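Asks: Residue numbers (the numbering used here), protein chains in the order written: chain A, 7 to 593; chain B, 143 to 501; chain C, 1127 to 1459.
Do not take every clue at face value.
[To be verified] DSS-like mimics (lysine-lysine), calculated; alpha carbons at most 30 Å apart, straight line:
id: 1; chain 1: A; residue 1: Lys239; chain 2: C; residue 2: Lys1184
id: 2; chain 1: A; residue 1: Lys146; chain 2: A; residue 2: Lys206
id: 3; chain 1: A; residue 1: Lys227; chain 2: C; residue 2: Lys1184
id: 4; chain 1: B; residue 1: Lys288; chain 2: C; residue 2: Lys1269
id: 5; chain 1: A; residue 1: Lys183; chain 2: A; residue 2: Lys208
id: 6; chain 1: A; residue 1: Lys527; chain 2: A; residue 2: Lys208
id: 7; chain 1: B; residue 1: Lys249; chain 2: C; residue 2: Lys1269
id: 8; chain 1: A; residue 1: Lys227; chain 2: A; residue 2: Lys132
id: 9; chain 1: A; residue 1: Lys193; chain 2: A; residue 2: Lys136
id: 10; chain 1: A; residue 1: Lys183; chain 2: C; residue 2: Lys1269
id: 11; chain 1: A; residue 1: Lys189; chain 2: C; residue 2: Lys1182
id: 12; chain 1: A; residue 1: Lys183; chain 2: C; residue 2: Lys1200
id: 13; chain 1: B; residue 1: Lys249; chain 2: C; residue 2: Lys1184
Derived by calculation from the structure, the hints in this document are not laboratory data.
Because the structure is a prediction, the values reported are computed rather than measured.
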Amino acid sequence: MARGRKVLVATSVIGALALTAGCGGTSKTPTTPPKASGYNAALNAVVNPSTAKGGTLRMANPSDIDSFDPARTYYAWGWNMNRFYTRNLVSYDSKVGEAGLKLVPDIAKEAGKVSADGLTYTYTLKDNIKFNDGSVVTSKDIKYGIERIFAQDVLSGGPTYLIDFLDQGQRYPGPYKDSDPAKMGLKSVETPDDKTIVFKLKEPFGDFPYLLAMPGAGPVKQSADTGEKYANKPMSTGPYMMDSYEPGKSAVFVRNPNWDPATDPIRKALPDRIELALGVESNEIDNRLLAGTVDIDTAQVGVQQAAQTKIQLDPAVKANADNPVTGFIRYFSISTQVAPFNDIHCRKAVQYAADKVALQTARGGPEAGGDIATNMLPPNIAGHDPKLDPFNTKSGKPQIDKAKEELKLCGKPDGFKTVIAVRNRGKEPACAEALQQALKAVGIDASIEQSDPALYFRSTIGSPDNVHKKGYGIMTAGWGADWQTGYGYLQILIDGRSILPSGNNNYAELNDSEINSLIDKARAEADPTKAAAIWNDINKKVMDTATMLPFVYDKALNYRNPRLTNVYIHSAFGMLDFQALGVSDGK
Amino acid sequence: MTTGLSTSAEAYTAGPPPRVPAAFLEVRDLRVHFQTDDGLVKAVDGLTFNLERGKTLGIVGESGSGKSVTSLGILGLHRTRSNARVSGEIWLDGEELISADPEHVRKLRGRKMAMIFQDPLTAMHPYFTIGAQIIEAYRTHHGGSKSAARRHAIDMLNRVGIPQAAKRVDDYPHQFSGGMRQRAMIAMALVNNPELLIADEPTTALDVTVQAQILDLIRDLQDEFGSAVIVITHDLGVVAELSNDILVMYGGKCVEYGSAPDVFYRPEHPYAWGLLGSMPRIDQEVRDRLIPIKGAPPSLIHLPSGCAFHPRCQYAEHNGIPCRTVVPDLPKDTDHPVRCLLPVPERRRIFSQEIAPKL
Amino acid sequence: MIAYILRRLVTAAIMLIIISMVTFGIFFIAPKATGTDPAVLFVGKIADDRAIAATKIKLGFDQPLYVQYGRFIKGIVVGRDFDSGPDVTHCPAPCFGYSFKTDQEVWPLLMSRLPVTFSLAIGAAVIWLVSGVLAGMISALRKRSIVDRMVMVIALAGISLPIYFTGLLAQAVFVYKLQWFPAVNYTPFFHNPALWAQALILPWISLAFLYAATYARLTRATMLETLGEDYVRTARAKGLQERRVIGKHVLRSVLTPIVTVFGLDLGGLLGGAILTETVFTLHGLGKLAIDAIGQQDLPIILGVTMFAAFFIVMANLVVDVLYAVIDPRVRLT
Ligand SMILES: Nc1ncnc2c1ncn2[C@@H]1O[C@H](COP(=O)(O)OP(=O)(O)O)[C@@H](O)[C@H]1O
Ligand code: SF4
Ligand SMILES: [Mg+2]
């Protein structure tokens, strides 16, 4: 895993996506999903489509969930789990491929109405949406749920984008310290009546509905809020409600009698019961998966070495495996501020000298590692262009001659010395070494400095001062976005105005006025197609600065129990859509 | 059952069927050999002696000469989990023990024949009370109730002179002094009225005053019980006081055997002279009285050629006798046999003229 | 004896207090020394300064360490109140605080994990004690025989193979290949003793294998030494049956070092068998600890550490008392 914030995105969907996210309008989707079976079948089609209800879905995960409180979960699989019991105003559609990236009305009657200036989003709730205790969900419950995110001293851990966009200088402390007796003190969100909720933004932000689709924006009933302890028994608005949860051991979900399928176009609700075993050793999960006693590893980050071998050697086993992209990109950031990289030609020399095949191998090869990356937008993001490859690196081979030419142009024909920063964790040091080897071939003498994973992104390379002081010319990084648009993915990495003294994500300190203004333009763009086109442009311009050296789009080799029905990779999570799954034998 | 390597003339290798001996205990050509990584240890090699009821035999020799191995051999203790090969005959009260059923020998052990060991501290189990260990010895052979056995144990402790025996019966060995422990050990050995008592260096671990008490005790008890007693020691003086007969061992073999006065006052073997010379005597200064035998005891794996004692013997090759090459026998036709090549008159002369005056 | 035990209990309590101070200190100072303060750990991935500041106050990290420690001890002795957002939650004594991650009370959590660890440790202990001591005895009594050599080779394997290997191998072979045991999850004993044993049999054996090896070697060595003791010869000279010589006189002495090692091993295991619990997905104290370490969940780490320390200190005490019971030469004063 790479960055602090990370809900993964992924799928093999390629090309610009027609996103109609929450801004009115729906695109046509096929009525019968494509059927398929075999290796990678769940990437582009639904495996074992079925409507048969009953049975128990048996899930397992190597560790506990970060939290079952929708406001506090940040794991990708935690967001995926939330689809069982948390309904938002808008949610990702339950479709395979690019269609899954589309937000569709969930407890809202329709996609939000956006005012002409792009500053006001208004949603109206459907009738008959209830909590599992039978009480009706009102707009105030949604506002209260959002307010909870502000109580970071109590409910930490989840994403805080909504604070960034909705606080607007109020310094709202969250409902627990709210002086309003009704605990409705957040000014930017209005609830004129029980069915209507209005969000007022300071600046137009086309991606705003994506923030409303995160679990933390789901409804929470104030009288049932137990604060810190809410995770142990969250209320449900979805088809399942928590029956029991033993942290670190297990969680069980059963049907929610107060869920009305007529109001829910998204969820299938096939199994009668969902059992999630927590803290099961990874190899043990693989064994149980292959033995058929577990249906799915909810981590979805790939099986362990032993099971990888079994899958690769046995075609019958391989037929039940998928190898989706996870939405993570692995890249090196090349500083614009550390000499001699302040000269673009020195940066380009690195781009040409890099051996991306060696880097891919260091990550685990094409299946367990991923595909060679040639630009900064992975395949699932709107605006991705597979042909964008300004340094001609698709083949992965180093281009020594070109690198040497660039070295001459930057006045260092004999090379130079620099430092590669890397976390001492997982496969990352091996990647740094692979780059070090490749650079040696053109005379660039790079030393590797490993550092503590806990501090790496926050202060080691996250502090520009530290980067300058230590002379980190090249920084190893990885990234996955929280929602799958160009803005959600790229903005924080390249926006010159979001360079921070600590916790900085723009490690190269790229500050290009042309790129900055394009970001503003894309951000305000309400039409996803147009926005995607702008992001394609931004991506190209960023690559041209040679500050980013992407090398792998991560993939994971996962196994699915053949008894599962309605199996497909959901593009928003880069993993199976949990809520769609059923079990064919009804057990 | 004898080895072909036998060098002793009296080995009963073949011939007439063994006769049942008249003596209470008769040991004939006893051999105990240990198979070890370094080679065959001939710890006891052809030992023969007799003992009557009510009589005492003293066995003397330096440490390592095979005294303990001999006594353990009589008790049949080389049979269990050992690398030992035992041959010869041990006749006890008309029964041959080496060829007897092990279970039968076990039943005799502790009852008909008992043993007092050298170091009472290590020879008693530290985790069980004195009483429990005596009671166990009794009940193994007599059964009966625990309380009866306990009364018997207290009685025995009284008889060996333990004060407040009824109380001390519940003490652990470490709570006893060395002398008391040896008394308790004796009580344990005597609890079943054994007919043969072997005391293996019963006083070595004790200080001099206690030594005398223990020896008195053994003598008194022998009078009382009428047992046959073997006293093993490296102190010829102790033996002379207690014994009727004395057997001197060297390198696993008997080198001199005879009545106590013969061996003590008229010893004929140079090794016995050495033992006598190194004996502590009350009437001499400490400085003078110990005349140690020079050199170290022989290797039992590779005995010296000829007379095993020759490397240390002052009289080796005396007047050209072939001590280095000829193995001396133990003559059968005398009641004071000596394993030495020196002619009998010559060794008597040497003792009376050269040795005795120095003692 | 009673006075001795009381005195030892007081010492044990003092030791636990010192251990608690040290652990508390390490866990709360060490992160500061490396630049990550516990509040940042608590807040999680998005550590914005506002949340960190609020968290610091809420958890009392703004207070000096001794105040924090005082509160911690107070919680254990009389309980504490915690702000849980909408209201205040009382955490009754012994209160070890709340998990940073799951907001569960640490003490009930520890208590809920204890039966698993207990079942694992006791079951394995019985197996390794019986099998290890038996194997060691047979080995010693049949010194240099084929049996002895085999036992010692197996013991060497047991000592050198990590549970990560034996455990996973046992699972792969017996559960997935031969299918002798179903892959079952832990079931409480009082729920269903048969399922309980079924789920634990492989972990028991794997864990016991590791320890039995040590015990076999220890038993063999002690036994060989004891067999050469004078008092064993005495026992035989008394005419005891060999069975009794071995079973009573020899065994009694052999057990002394075994009891010491056994007490300490068991005490250590009761604090959690991290690897075994991880490999076999047993949610005991060890698994709790390793999960908590992975998530830097300080209150749980602290709780398990204290718990484990308690067992080890207690095991020491029990061993010392047992030692005196076995060996009368040891005086408890
Ligand atoms: N079990 C055994 N294995 C090998 N050698 C032994 C064994 N028992 C005794 N010996 C050897 O036999 C010799 C005689 O020992 P021992 O009879 O104890 O001498 P001592 O005359 O001092 O009692 C010694 O050299 C001793 O090392
Ligand atoms: S035979 Fe020779 S060496 Fe041996 S004791 Fe007699 S004189 Fe000494
Ligand atoms: Mg001896």
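Asks: Now tell me, hint by hint, if it's right for this structure.
Replies: Results of checking the hints against the structure:
1. Lys239(A) x Lys1184(C): At roughly 23 Å apart (the allowed maximum being 30 Å), Lys1184(C) and Lys239(A) satisfy the hint.
2. Lys146(A) x Lys206(A): 15 Å, holds
3. Lys227(A) x Lys1184(C): Given that 30 Å is the threshold and the Cα spacing comes to 24 Å, the pair holds.
4. Lys288(B) x Lys1269(C): 36 Å, violated
5. Lys183(A) x Lys208(A): 24 Å, holds
6. Lys527(A) x Lys208(A): 16 Å, holds
7. Lys249(B) x Lys1269(C): Roughly 27 Å between the alpha carbons, so the hint for Lys249(B) and Lys1269(C) holds.
8. Lys227(A) x Lys132(A): 17 Å, holds
9. Lys193(A) x Lys136(A): 26 Å, holds
10. Lys183(A) x Lys1269(C): 76 Å, violated
11. Lys189(A) x Lys1182(C): 24 Å, holds
12. Lys183(A) x Lys1200(C): Satisfied, since the Cα-Cα distance of roughly 27 Å is no more than 30 Å.
13. Lys249(B) x Lys1184(C): Violated. Lys249(B) to Lys1184(C) sits at ~81 Å, over the 30 Å cutoff.
Checked against the numbered hints given earlier, this structure breaks hints 4, 10 and 13; the rest are met.
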